[in-house]
Structure formats: structure tokens, C-alpha cells
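Asks: Sequence:
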Amino acid sequence: MENLQSAVDTLVHSSNTLFILIGAVMVLAMHAGFAFLEVGTVRQKNQVNALSKILSDFAVSTLAYFFIGYWISYGVTFMQPAAVLSADHGYGLVKFFFLLTFAAAIPAIISGGIAERARFVPQLCATALIVAFIYPFFEGMIWNGNYGLQAWLTARFGAAFHDFAGSVVVHAMGGWLALAAVLLLGPRNGRYRDGRLVAFAPSSIPFLALGSWILIVGWFGFNVMSAQTLQGVSGLVAVNSLMAMVGGTVAALIAGRNDPGFLHNGPLAGLVAVCAGSDLMHPVGALVTGAIAGALFVWCFTAAQVKWRIDDVLGVWPLHGLCGVWGGVACGIFGQSALGGLGGVSLISQLIGTALGVVVALIGGFAVYGLIKALHGLRLSQEQEYYGADLSLHKIGAVSQD
1 MENLQSAVDT LVHSSNTLFI LIGAVMVLAM HAGFAFLEVG TVRQKNQVNA LSKILSDFAV
61 STLAYFFIGY WISYGVTFMQ PAAVLSADHG YGLVKFFFLL TFAAAIPAII SGGIAERARF
121 VPQLCATALI VAFIYPFFEG MIWNGNYGLQ AWLTARFGAA FHDFAGSVVV HAMGGWLALA
181 AVLLLGPRNG RYRDGRLVAF APSSIPFLAL GSWILIVGWF GFNVMSAQTL QGVSGLVAVN
241 SLMAMVGGTV AALIAGRNDP GFLHNGPLAG LVAVCAGSDL MHPVGALVTG AIAGALFVWC
301 FTAAQVKWRI DDVLGVWPLH GLCGVWGGVA CGIFGQSALG GLGGVSLISQ LIGTALGVVV
361 ALIGGFAVYG LIKALHGLRL SQEQEYYGAD LSLHKIGAVS QD
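Take 1 as the starting number for the sequence shown in full-length UniProt numbering and just add one per residue.
Do not take every clue at face value.
Unchecked claim - DSSO-like, lysine-lysine: derived pairs with alpha carbons at most 30 Å apart: (1) K307 with K45; (2) K373 with K45; (3) K45 with K395; (4) K395 with K373; (5) K395 with K307.
As the list claims (entries may be wrong) - Restraint ranges, calculated between C-beta atoms of paired labels, are given here: (6) L230 with S52: 31 to 41 Å; (7) A238 with I396: 40 to 50 Å; (8) F120 with G370: 17 to 27 Å; (9) G145 with A83: 20 to 30 Å.
Just so you know, the hints here were simulated from the structure itself, not pulled from any lab data.
Beta carbons are placed, not taken as given, at the ideal position from N, Cα and C, and that holds for glycine.
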């Protein structure tokens, strides 16, 4: 019997390790999606910079999260012998890998908002500070029960703040951090003339669409593998993600009047919004959640650019910030058993947790980017911005005419 139990334990641990490793690789691949979404959206003179930022940010994020951030979130340090770290087939290490890909999504999100005029090294410094301190503070509070918030919400309102795959913990945090950076940077030169918006057309719709599709496919690892064990995996999460993606696509297609930029961001808006409650909602609830998110993105992106003059290049604040907030709230609505969900969620807790995420992101964003702006500066010179970040910073263009 002991041998049988040992064999079962080995199978369970190895299966869980493989399961979460596949999820980690799928979310790692999403960073290629972030890269190509930005490459396709920015002007051609900034394409090399977009690619360089995403890869460099991921490397810096890994170092910051490995040595500091993961310890702040979960109290785990990797300064132990390899024999200890590899216990249970190294499940603890692969869990770190999986959660790292979430943490690294924060600077990847921010990158799209500050594109075309942000300096390279100061942004890497901001990435290190955010992934080492700001993001882990909120992540640990929500996903590890740090600081007693979740226990208090459970005692006071009957349920903790529920964010299964990070509508608020990852996406809203990234979007509202990006808003702080965008406001401190200001709009790109020439974006507004005589009080009117000047259109800067995307450099490549095919690259933009490729980035969107990579993100869509990887998102099923982002959501489904958030169960972190085979025992916890649920087809409900997969179908809810699918329905929200479709809802966001159709809504953006209609609200955006066939604009391909809106069309290919619509599914991402739906997926952002469904992350929080994808394990609780009925598929119809997920469809409605995604549809509202798709329309919300189109309206808010347009309003931010035209009315509020917020030059957020990829629309990461509407897409991740506002749709992430909607996702946190939608979980408290469509997760209720009265609306076909599995229940066990409190709308009041969802509102409090979501609002707290916004507050932490804004305070952290203004603190980090404000400090760097004061000490080193955030923005390219007018000449560098005119010639483009590719030639100014990386000394090479995206394409060669030879």
C-alpha cells in the first residue's frame, strides 16, 4: 500500500508540474502577442523599440520577481539548495514561472501606453521597481491573503474578493499604472494641433492582428491554468473565456464600425473582463461581460484620445484598466447563483477589492514614474522622437531597403 500511495503521489505531483508548466509556456508566448500588437500599432520608426522593450522588460521582470517580488507576495525565497527546490518534481519552481509570466505582463501592458516617446533605460528601472514592490504588494494581498484584507472581507461581507485569473490583480493594475505614466509623459509631439486630434495610423495591421491572435490563444493558458492543479481544472473556465472573447469581438465590430484596430482589440477586452469570474459565471453571463467590455473599450478609447486628450498609444488604460475594473465588478454580478453562476461571491467585496487595486496602481504609478521623471527624465528629446526611437536609441530601423 505504501508503494501504491507513493506511486499515486508521484503521478499527482508530476502531472500538476506538467500542467502548470504548459500554462507558463502559453502565457510566456503571450508576450510575443504584446510585442506584435505594439509593433503593428506604432509608427514604423518605433517598431524596433517596441520589440526591444518587451523582451528587455521580461528579463528585468524575471530578476526582480525572482529575488524580491515573489518573496513579498508569497514569502518564498529561492536561496536554498537545489535539492530542496526540486521537491515534488519542482512544482514550486514551475509555479513561480507561471506567476512570473503574470507579473511580467504588467510592464508589457505599460509599454503599449507609453510607446513612441518614452526613454528606454528609465522604463526598465520602472519595471524593476513595479515588479519587485508595487505589483507583489497587491498580488500577495489578494492571492495569498497577506495583510488580512481577504479575511476581513469574508467576515464582513460573507466572501473574499474573487479574482480567479487577474482581471484586477494583473490587468487593472497594469492599465492604471500605465495611466499614471502616460499622464506624466504627455502626448506625442504633433498628436494634437490647433486643439484637434491628428491621426497617427498603425504601421502594420497584419502585425497588429498577429499580436491579437497570439494573445487570444495564449489567454486560454492564462485563464484555464490559473487553477494551478489538474484537480482544479474546469471546462467552464475555457468556455467562459471563449464566450467573452466572442462577445468582445462582436461588440467591438459593431461599436467600432468595422475598424480593424477596434476589431482586434475587442476580443482582448472581453478576455480581460472575464478573467476574474471565469470560474464562476454561466457562459451567457460571460458573453454579456465580454460584450460590454468590447463596447466599453471602443467608447473609452475614443473618448480618451479625442475628448480627454490622453495619448495612450495602444489604449491600454481602456483595455486593461477600465475593462479590468469592469471584470472585477462583473464577477460580483454574474457570479451570483441567481444569474446562473456558481455563487460564493459578494458584490460589495468585489467593489472594495477592485477600487483598492485602482488606488494601489495609481499611487504606485505616480510614485515610481514621478520619481524617475524627477531624477532622470522619462521622455525622449524632441529630436529623438522626431527621428523615432529605432534610430535614436537602437541605431537601426525595422526594415532595410537594400
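Asks: Hint by hint, note whether the structure agrees.
Replies: Evaluated hints:
Only pairs whose Cα atoms come within 30 Å are accepted, and K307 paired with K45 is accepted, the gap being roughly 27 Å. Simply put, K373 and K45 have alpha-carbon atoms about 24 Å apart, close enough for the 30 Å limit, and the pair holds. Annotation: proposed proximity of K45 to K395 holds, straight-line Cα distance about 11 Å (limit 30 Å). Pair hint K395 plus K373 holds up; C-alpha atoms about 24 Å apart against a cutoff of 30 Å.
With a C-alpha separation of about 36 Å, the suggested pairing of K395 with K307 is violated against the 30 Å cut-off. Range check, L230 to S52: about 37 Å between beta-carbon atoms, so the 31 to 41 Å window is met. Evaluation of the 40 to 50 Å hint for A238 and I396 yields a pass: the beta carbon distance comes to about 42 Å. Against the hinted window of 17 to 27 Å, the Cβ-Cβ separation of F120 and G370 comes to about 19 Å, which satisfies the hint.
Separation of G145 from A83 is about 29 Å and conforms to the stated range, judged on CB atoms against 20 to 30 Å.
Figure legend: structure checked against the earlier numbered hints; the only hint not met is number 5.
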